[in-house]
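Read in the working numbering, the sequence shown has 25 at position 21, and its numbers run on one by one without any break.
These are calculated hints, taken from the structure and not from any lab test.
Glycine is no exception: its CB is placed at the ideal position from the N, C-alpha and C atoms.
You can take every hint at face value.
Restraint ranges, calculated between C-beta atoms of paired labels, are given here:
1) L41 - H13: 26 to 34 Å
2) P61 - C36: 36 to 44 Å
3) I39 - I17: 20 to 28 Å
4) G71 - T6: 22 to 30 Å
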Amino acid sequence: MTIHREGTHSIIIAVSVLIFFNLAVRVFFCDCTLIMLISLIISLFLLFMLIFFFRKPKRIITADISGVIAPADGKVVVIEKTTENEFFKDER
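I would like the entire structure built from these sequences, with the hints used as guidance.
Structure (structure tokens):
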């Protein structure tokens, strides 16, 4: 798994902001370790979520003639007709 090249700029900015935030918490709440610990845990969680968002997993593509290859993870749950009234104004 690698990080997508478009996400490196966002991750660098996020790391800089989170370091600044945690240093500010350390300066203003230097006597309360619980607040510093909570801010560190929240910062690490946010950083992990950002890195997880920009991940680029290795995909194993099988050569299936009836398969559909999509750039998203997940599975199709249901395919049914619906009426779209805003743009197409018909059943699709």
